[in-house]
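Colleague: Chains as they are written, first to last, in this note's numbering: chain Z, 1 to 201; chain L, 202 to 449.
If you're looking for bench data, these hints aren't it; they were derived computationally from the structure. Hints may contain errors.
Label pairs and their calculated CB-CB ranges [said to hold, decoys possible]:
id	chain 1	residue 1	chain 2	residue 2	range
1	Z	Y196	L	P347	54 to 60 Å
2	Z	M13	L	G411	36 to 42 Å
3	L	M355	Z	P134	55 to 61 Å
4	Z	F197	L	H281	50 to 56 Å
5	Z	G52	L	H281	43 to 49 Å
6	L	F279	Z	A167	53 to 59 Å
7	Z	Y196	L	M355	55 to 61 Å
8	Z	R69	L	I350	35 to 41 Å
9	L	F279	Z	V176	30 to 36 Å
10	Z	I112	L	A394	56 to 62 Å
Quick partial rundown of chain Z residues pointing at chain L, CB under 10 Å, derived from the structure [to be verified]:
id	residue
11	M1
12	A2
13	T4
14	S26
15	R27
16	R44
17	W65
18	M67
19	N68
20	R69
21	R72
22	K83
23	S114
24	R115
25	H119
26	F159
Note that the Cβ used here is the ideal one computed from N, Cα and C, for glycine as well.
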Amino acid sequence: MALTGFFLVSFLMFHLTMNLFLFEGSRGSFSSFADFLGTFPIVRPIEWILFGGFLLHLLLGGFVWLMNRGVRPQAYKVKGTSKTIKLSSRLSIYTGTLILAFLVWHLIQFFIASRFAGHPVDMFVLVAQAFSNPVTIVLYEILFVILGFHLNHGFQALFQSLGLRTAKYRGFIDAVGVIVWLLIPLGFASIPLVMYFGGAR
Amino acid sequence: MDFKLKVWRQKNRDDKGHFEDYTAKGISEAASVLEMLDVVNRELVAAGKDPIAFDHDCREGICGSCGLVINGGVHGPFEHNTTCELRMRRFSDGDTIVLEPFRARPFPIIKDLVVDRSAFDRIMQAGGYVTVKTGQAPEANGIAVPKKIADEAMDAAQCVGCGACAATCPNGSAMLFVAAKVSQLALLPQGKAERKERALAMVAQMDKEGFGSCSNTYACEAKCPKGVSVTHIARLNREYLRAGFGSK
Ligand code: HEM
Ligand code: FES
């Protein structure tokens, strides 16, 4: 869970960095970078590792969730414990599942549409087209809120699981966590908005 | 003070159990929840009825015997107290108070509010000790322990093994208990020698008992009567990884 989570966070940072080049506009580096990733052979196996990481992460998460069913055969009459838990921790299985649902759509929209088009596709144009639809933008923005929630739980949790969030480092990890769960989703969230309102042409 | 009580009654392990209503009248505000139950039980016995069974021993928050879920909160709706330390003045006159047993699969109900927590004993037997030759008491300053380490070990040693962590955890996990024991001993020179075997054996026993898996919700830390920190769970994870991957 923790190792795959760390891997996915690293991927998100890479993905965000690359996507921010969209701000350079249609003649910027984004499309050529995408072209490079789409055609350079080494990228294929890396892609499979990434998909494997996602799969492993959600299988492990689903497994933990399933195994923990039935561990309280009878529920408490007065539900008090949930109040003591952060919302993001309580919802991680659901936010994770929503991210998965998004991912399927997202891959169809960009990955499948470019890779299996049968002819070269300008990535910038593809993205700009997608983000010309306000409905798409709203759905993406909702996803980024959900992603923020998932990372709010997940990022500090991965250090906890790896045994690094001891008394000495707890404060530091939680502080870096704010950067990760807040800034990564904010960075992604800015992209469709900037593109729609004409910041990148 | 007067209270309306809704108390879980269950004849034995196999009984389905149900809630029953009681009234507690003329309770001193200095009485603990357990002392209130004593008053109710005295009336029940006088009326020839079966008293409400509940666990207790020291009644001063150090033995870990007591443990009720009070209005949905393990050891009550407040922080850092055991059930026996919870005074009635923290409630309002006329309140309805719901009393339930600790609920987790490895804690079967014996009767009413009494649960079988011997799963914790078996986890302790699996590795919660140090093997030492008991000869003469050694010179106290013979083994130097830095104050910071001693403090952290002492914080872990606060755990009284009441089971509140498992009872409040949405996953019914006993990680905070096991972490407190493993961490306390791993920090101190006397415990370091057997740290690997201990971490592996105690975690294995915990899983065998049927406790759930930790998903880092920190529900346990919020309700631990002794304020044991989840940073000890991080240390347990570290000890476990170290035992699994490190050289034996
Ligand atoms: C594909 C859909 C996803 C699903 C179904 C999913 C599911 C889960 C689940 C069930 C957990 C366990 C929560 C817990 O109980 O502790 C979890 C934890 C976590 N997730 Fe995800 N997740 C997904 C995507 C992501 C993404 C995109 C990232 C980050 C890039 C991520 C990062 C993490 C991290 C760091 C953890 C914490 C690991 C730990 O507790 O040690 N997840 N995820
Ligand atoms: S009776 Fe000993 S801790 Fe409550």
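Colleague: With chain L as the partner, please determine if Z:K83 meets the hint condition of a C-beta pair closer than 10 Å.
Modeller: holds, 8 Å
Colleague: So, as I understand it, the hint says Z:T4 touches chain L; can you test that by seeing if any CB pair is closer than 10 Å?
Modeller: Z:T4 check fails; min Cβ-Cβ to chain L is 15 Å, beyond 10 Å.
Colleague: Okay, L:M355 versus Z:P134 on CB: inside 55 to 61 Å?
Modeller: holds, 59 Å
Colleague: So the hint says 54 to 60 Å: do the beta-carbon atoms of Z:Y196 and L:P347 match that?
Modeller: Holds - the Cβ-Cβ distance for Z:Y196 and L:P347, about 58 Å, lies within 54 to 60 Å.
Colleague: A closest beta-carbon separation below 10 Å is what the hint needs, so does Z:M1 meet it against chain L?
Modeller: holds, 9 Å
Colleague: Is the gap between the beta carbons of L:F279 and Z:V176 within 30 to 36 Å?
Modeller: holds, 32 Å
Colleague: Next item in the hint list is Z:R69. Is there a CB on chain L closer than 10 Å to its CB?
Modeller: The hint holds - Z:R69 has a Cβ within 10 Å of chain L, the shortest such distance being about 9 Å.
Colleague: Let's test the interface hint: is any C-beta of chain L closer than 10 Å to that of Z:S114?
Modeller: violated, 37 Å
Colleague: Have a go at the Z:W65 hint: is there a Cβ in chain L nearer than 10 Å to its own Cβ?
Modeller: holds, 8 Å
Colleague: Holds or violated: the 53 to 59 Å window for the beta-carbon distance between L:F279 and Z:A167?
Modeller: Violated: the Cβ-Cβ distance is about 24 Å, outside 53 to 59 Å.
Colleague: Restraint: Z:S26 near chain L, CB-CB cut 10 Å. Satisfied or not?
Modeller: Cβ of Z:S26 sits 44 Å from chain L, so the hint is violated.
Colleague: Against chain L, run the beta carbon of Z:R27 and see if the smallest gap drops under 10 Å.
Modeller: violated, 46 Å
In summary, the structure is inconsistent with hints 6, 13, 14, 15, 16, 23, 24 and 25 from the numbered list given earlier, while agreeing with the others.
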